[in-house]
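Asker: Here the protein sequences come in this chain order: X and E. FYI, the numbering used here numbers position 3 of the first sequence as 3, with every residue one higher than the one before it. FYI, the numbering used here numbers position 122 of the second sequence as 122, with every residue one higher than the one before it.
There's no promise every hint is true.
Just a sample of chain E residues kept apart from chain X, beta carbon distances all over 12 Å, derived [what the hints assert, rightly or not]:
hint, residue
1, Arg56
2, Asp69
3, Arg111
4, Ser114
5, Asp115
Now the stretches of chain E that chain X is said to cover, found in silico as 3 or more residues with beta-carbon under 8 Å [said to hold, decoys possible]:
hint, segment
6, 21 to 30
7, 37 to 44
8, 100 to 108
9, 120 to 127
10, 149 to 156
Each computed EDC-like pair below joins lysine to aspartate or glutamate, with the alpha-carbon atoms no more than 20 Å apart [claimed, not checked]:
hint, chain 1, residue 1, chain 2, residue 2
11, X, Lys9, E, Glu106
12, E, Lys156, E, Asp115
13, E, Lys156, X, Glu5
Simulated from the structure, these hints should not be mistaken for lab results. Glycine is no exception: its CB is placed at the ideal position from the N, C-alpha and C atoms.
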Amino acid sequence: MSDLEQILKAAHMAVPSSALDRRIEEAFAAAEKRLKPSRTARCGWWLAILAPLGAATALFLVSSRPQREPLQPITYRFVAQGPMRQFLTEPPQSATLLPHFVTHAQTP
Amino acid sequence: MNFSERESLRIFYVEFRQQLYTYAVSITGNRESAEDAIHCVFQRMLRRGRLPSNLRPYLFRCVRNAALDTLRRSGVRAESIFDDSSAAAVAEAPALPAVVPASELERGLQRLSSDERETIILKIYDGLTFQEISELRQTPLPTVASWYRRGLEKLKALLIPEIQ
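Based on the sequences and whatever the hints tell you, model everything.
Answerer: Laid out in structure tokens, this is it:
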């Protein structure tokens with residue numbers, strides 16, 4: 001470094017005021033604030049999009065379920081014939097075993 | 001701008017506030033306008049999406065542009081880059097007077113061309129390399145080096161007869 005460079009370097013410089021530091025600090029604080037609401041706003045937008053979408057999907061699923069016929073009571077009628085009829089209507093005193101039923105399902 | 005970029009910018013300000021200020025005052029010739037220019041640059045940077053990779057030359061260029069805008073609006077003024085309360089810079093060199101008043105340094109700098117003055121301030125007070133100054137001014141490196149050398153020669157010639 002030359003002599004003149006040393007002289008220039010040794011000079012005391014004017015310093016920025018504390019007001020500038022404060023203004024810069026305020027600018028940083030404002031930038032942080034700007035960022036925070038925007039994050040909330042982004043969440044709000046997502047909610048605004050997803051909530052109606054979810055509601056519409058649920059509504060669609062509920063409405064598209066197949067309508068069932070109202071339940072009707074089923075009545076079974078067993079008609080015993082021949083010796084079984086006699087066995088059931090007039091069971092012998094010695095009969096201890098239950099009769100063996102065979103069923104055939106038939107649609108009317 | 002994300003949190004870490006904002007912190008990088010804050011650290012940059014703390015580290016380079018003095019250099020940016022000296023540079024801005026050297027262009028505007030007015031301390032208040034220089035502070036306005038720096039404030040404006042940082043506000044704009046905080047609104048940007050991303051920081052450039054090489055922040056130092058970029059921010060010095062932004063401050064230069066903002067300071068030049070201020071200068072165009074408010075005209076030339078004559079406030080010094082040196083501290084008003086400091087009487088002098090002490091010279092250790094035998095070829096130069098032992099004490100050089102800050103006012104003489106300021107007067108000498110003002111008599112240089114704006115390119116020479118700006119290059120000397122960027123090199124000596126702001127610590128930028130010729131390469132960085134060349135990027136900042138968008139001027140070839142040999143031209144920047146030549147501004148610097150010529151400026152120092154002129155300044156030396158101006159300072160010695162005035163003080164002796």
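Asker: So, for every hint listed, does it hold in this structure?
Answerer: Status of each hint after checking the structure:
Residue placement check: Arg56/E keeps its beta carbon more than 12 Å from all beta carbons of chain X (closest about 17 Å). The beta carbon of Asp69/E sits about 18 Å from the closest Cβ of chain X, which is more than 12 Å, so the claim that it is off the interface holds. Once the 12 Å rule is applied to beta carbons, Arg111/E is consistent with being away from chain X; the minimum gap is 14 Å. Listed as outside the interface, Ser114/E is consistent with that label: its C-beta sits roughly 17 Å from the nearest C-beta of chain X, beyond the 12 Å cut-off.
Annotated as non-interface, Asp115/E keeps its C-beta farther than 12 Å from every C-beta of chain X; the closest such distance is 17 Å. Requiring three or more residues with a Cβ within less than 8 Å of a Cβ of chain X, the coverage given for the segment 21 to 30 of chain E holds, as 3 such residues are present. Requiring three or more residues with a Cβ within less than 8 Å of a Cβ of chain X, the coverage given for the segment 37 to 44 of chain E holds, as 4 such residues are present. Counting residues of the segment 100 to 108 of chain E whose beta carbon lies closer than 8 Å to any beta carbon of chain X gives 3, which meets the minimum of three for the stated coverage.
Judged by the Cβ-Cβ criterion of 8 Å, the segment 120 to 127 of chain E is covered by chain X as claimed, because 3 of its residues qualify and three suffice. With a cut-off of 8 Å between beta carbons, the segment 149 to 156 of chain E has 3 residues touching chain X; three or more are needed, and the interface restraint holds. For the suggested pair Lys9/X and Glu106/E, the alpha carbons sit about 13 Å apart, so the restraint of at most 20 Å is met. In summary, the hint linking Lys156/E to Asp115/E is supported, as the alpha carbons are separated by about 17 Å, within the 20 Å threshold.
As the CA atoms of Lys156/E and Glu5/X are separated by approximately 10 Å, the hinted pair is consistent with the 20 Å bound.
The structure agrees with every numbered hint stated previously.
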